[in-house]
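J.: Assemble the complex: chain A is given as a structure, and chains B and C must be docked to it using the hints.
Residue numbers (my numbering), protein chains in the order written: chain A, -3 to 284; chain B, 773 to 1091; chain C, 68 to 465.
No lab work stands behind these hints, which were simulated from the structure alone.
Where hints are given, some of them may not hold.
[Unchecked claim] Taking lysine to any residue and the SDA-like style, the derived pairs with C-alpha atoms no more than 25 Å apart in a straight line are:
1. C/Lys239 <-> A/Val253
2. C/Lys164 <-> B/Arg926
3. C/Lys239 <-> A/Phe0
4. C/Lys407 <-> C/Ser393
5. C/Lys265 <-> C/Gly292
[Claimed, not checked] Non-contacting residues of chain B with respect to chain C, defined by C-beta distances greater than 12 Å in every case (computed):
6. Cys805
7. Leu806
8. Val911
9. Asp966
10. Gly977
Predicted model, so just to flag it, every value in this text is computed and none were measured.
By construction, the Cβ of each residue, glycine as well, lies at the ideal position given by its N, Cα and C atoms.
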Amino acid sequence: MIAFIQALIDGVLVGGVYGVIAVGLSLVFGVLGIVNFAQAEFMMMGMYAAWFAWRYLGLDPLIGAVFSFLVGFGIGALAQRFLIQRVMNAPHVSQIFLTVGILIVMENAALLLFGADFRTVQTPYQTQSLQLGPFFVSVPYLAAFGMALVVSVALWLVMARTWIGRAIRATAQNAMAAGIFGVDAKRVYMVAFGLGTGLTAFGGGIILSYSSVSPTSGAQYVVLMFTVVVLGGLGSVMGAIIGGVAVGIIQSLSTLVMPIQVQNLALFVIFIALLTFRPQGLLGGASR
Amino acid sequence: MTRSLIIIAVVAALALVAGAMLDPRGYVVRVVCLMLLAASLGQCWNIVGGLANQISLGHAAFFGIGAYTSTILQLRYGISPWFGMLAGAAIAGVVGLLISIPTMRLKGSYFALATLAFGEACRIFATAATGLTGGPQGVSVPFLGNSWTMMQFRGAGPYVPILVGLFVLVSVVFAILSHGRLGYLLRATRESEDAAEAAGVNTLGVKLTGSAISAALTAIVGTMFAQFNFFIDPDIVFNPTSISIRAALIAIVGGVGVLTGPIFGAVVIVTMEEVLSAYLSNQAAGIAPLIFGMMLIAIVLWKPAGLSAISFSMRRMPS
Amino acid sequence: MFGKSILAAVAGIAAFGASFEYAPAAEPVKIGVLVPLSGSTSQFGINTRNGVELALEDIKAAGGIKSLGADVELVYADVPAPNAAAAAVQRLVSQDKVVGIVGSFVSSTTLAASEVTERLGVPMITHSFADQITSRGYKYIFQVSNKASTIGQKQFDYAVEIAKRAGKPITKAAILYEDTAYGTAQAKGLRDAAAAAKIPVVLDESYPLNVTDASPLVNKIRASGADLVFPVSYFNDALMIIRTMKQQKLDIPTVGGAAGYIVPDFKKGLGEFTEGVFSIAPANYDNAPAIAARYKAKHGMFMAHEALMYGAAFQHMVKAIDEAKSRDPDKIRDAIAKLKKCDGFSAGLPGGCTAFDANGLTSVAFPIFVQWKGEDIATVYPPEAAKAPPVWHGKDVK
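One chain only, chain A, in its complex shape (with noise of 0.2 Å):
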């Protein structure tokens, strides 16, 4: 029963975590349509810009996660402008590779610029817990559930109180209509993107507290994330939370009845037959 709980905790903090960087992979999704395949390279360009604020202006991981979300966004917004745009009404076929080129390219410029070691952050509390009776609880892992949900709320009163994320939102539903309203469709998919690859490097730069960066950093979380934001039903940015929390449940639980070798292997057939019985997610609306 211990154990159980133990899992149980370990799982949600680490869940939330899971649901940042996936909110923003939901949040394309929903907007343009397209899966980006190269979202976790956003990732892991949060990751090192978290850690050269950490060594040059000395920032806390946590809050230099702020700064990733800017290089995020910037890098995002750039990315969709300029490259993706033009493939947004091309055959999936397209989308697909034009992300999957974009992938390459990130993680080997990330290789070529800052070489391939790993590199790590020391904050003081890195290696303490709380200790509520028998039961573990990580201090990076708390502090990191904690930016999540902060930065959860944030995205959850931009969506619903600011014009902008009203615009992406009408855009969403109907990009023509919103246009008669005034809302230009490309500068929308444009902030939406970069909202999207923002967020989720901004998740990168909250990993980097615990973990540790390196160019192929990215190709860890993939699946996860991909699997995270289908459970929540693409699109559906409350749902990519709480997909995230799911999978992070599901990944800790699995261990204590399964070989920890195969945890990843439990979440690919849950993650197929949900596409199978319910691709729109536990939250979605219907597929697109």
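T.: Just chains B and C now, kept in the frame of chain A:
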């Protein structure tokens, strides 16, 4: 179609001549073999990607099944890979069918994601099932010297006719599917699934058949790869980037749905890989794949709506 | 008579002059270096390159290959993944005309590459340690390190020995390993050694290399009640495991399985918590202080074991070519097999030499135990190789 088949025949003849005339233990012959393997893989993908219009990113699953089935049968029971190949194809065909049943209804990117996950699931399974596959340490095809019955040779040269045969086989299958009744139905499904359904086409059945055939053929390519390389492990044969995505790329660069597409794709991609590796190996790490990625982006942007459209205009409509 | 001596003198001078003519004119002997220079294991490939280049400096300083009167030239081929290996080897042999190859860190790449070198009849020396490398009955592959299962065995045996000497014998062991060939093979060695020592293994789990969360692993360690942990990891996973153990105040002695535990980044990542962490290693720089100092001066960090080992492998191959007096790969192969080289980089390996048995496996090397002390890694066991005493639970051990 005749024109395309003639091109295939010419390419096959050229490859055979090259194989016969070049140093059988040399580099160029090996590159020719790599191109033939790549073209065959791309052509298999083309069946699903081109005809059924489903972007599969999980073909490594079938490739790996083929490679491991024939190798395990050989290691444990001494069965020749010629038979092992057929066993692998049968298993892969069934697996392909089974995975397609739930996923074929998915559209575009959803299907791509599902197949990607499936390929990865197979890789993890192969890594974990140490008793069956030898686990992450991989297995080696035992070297018995030059042997036609066991499909293995010291140099790359003797493989050429076998690989040419493979490519011709896969291409002929593609041509038959594409221009036969099944192809007609697949194209109808692709044009407008709803209309086809209304006209009584069993769109699902049609896609499933294409999928099973593609899977079986991919497994055969996998077997030949294992015989060519001698060493396989789950990360090599079930690899999402170097097998699955590459298979799709080969077909895409050449032209999705086009019979001669994979030839062009294979030549371009293998040449690029070898040239970049040969000249940029000791330069700044990462330059070679970076250039590759940039070229991919350039290719996609140069003909964004057109990667399929080119193929469409080149293919003759059935009368 | 006078004329004859003048003739003899002229002939002598002419011959003398002619011998000078041949020395620089011979084409350099090319040796291929097959390592990952891009991709996720590129750090190791770059370290290897650094080591081989340093070894080349010494070879050049000694005049290259004297018996052939030729220089040595390195040709690099980047193999980020095993599927690039076969074509790269073929290219090195057929296009670049290398007479031998050293490489390539990752065992699966070495396995794939050695299939081609065997068939083409070109010798290859590696430091990769998957058991299969030397158990295929191949004649052209040589391994300067011990087998993975041997390394795993020693990892266990040394730890048990030290614990006993410290008066705190091990009663329960936990084995944790990443699920690639490296981790799996070494774990088998650990397991077998534990069985032989009759020490129960209370946890025996593999995990995916790209694991994103180490908590389940550490929870299991805690629950198992083990008093010694053997994690076989690369860097990122090692970092997460050790940090999480510290978070949960798990103060169990940890014996790493090489790879992630003996890279400079480990110290950078864990800071003070690196102190006292043990690892098994195939070699360590403190056995070659002069070379290590040059390396550090040049690259700013301590010399990784692969740099030392591939430097040694390379120098062994060059010496073999010199002894064979030939560019024929078959003759070079025979010379490599016969040669026992105990100077240069080879002296820095445990055992002090590079030499091979009939299967191509090292006949003299043995794994060593290393421990982090401050910024450095010191060899602490076995006693004949130790440069400092091991510290167990904070106390020096005799």
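J.: Compare the structure with each hint and give your call.
T.: Consistency of the hints with the structure:
1. Taken as a hint, the C/Lys239 and A/Val253 pair is honoured in the structure, with Cα atoms around 22 Å apart against an allowance of 25 Å.
2. With a C-alpha separation of about 18 Å, the suggested pairing of C/Lys164 with B/Arg926 holds against the 25 Å cut-off.
3. Taken as a hint, the C/Lys239 and A/Phe0 pair is honoured in the structure, with Cα atoms around 24 Å apart against an allowance of 25 Å.
4. A C-alpha spacing of about 18 Å is found between C/Lys407 and C/Ser393, which places the hinted pair at or below 25 Å, so the restraint holds.
5. With a C-alpha separation of about 17 Å, the suggested pairing of C/Lys265 with C/Gly292 holds against the 25 Å cut-off.
6. Remark: the non-interface label on B/Cys805 conflicts with the geometry, its nearest Cβ contact in chain C lying 10 Å away (cut-off 12 Å).
7. The claim that B/Leu806 lies off the interface is violated: its Cβ sits roughly 6 Å from the closest Cβ of chain C, which falls inside the 12 Å cut-off.
8. Under the 12 Å C-beta cut-off, the non-interface status given to B/Val911 relative to chain C is violated; the minimum distance is some 9 Å.
9. Remark: the non-interface label on B/Asp966 is consistent with the geometry, its nearest Cβ contact in chain C lying 41 Å away (cut-off 12 Å).
10. Listed as a non-interface residue, B/Gly977 keeps its Cβ farther than 12 Å from every Cβ of chain C; the least gap is roughly 36 Å.
Checked against the numbered hints listed earlier, the structure breaks hints 6, 7 and 8; every other hint is satisfied.
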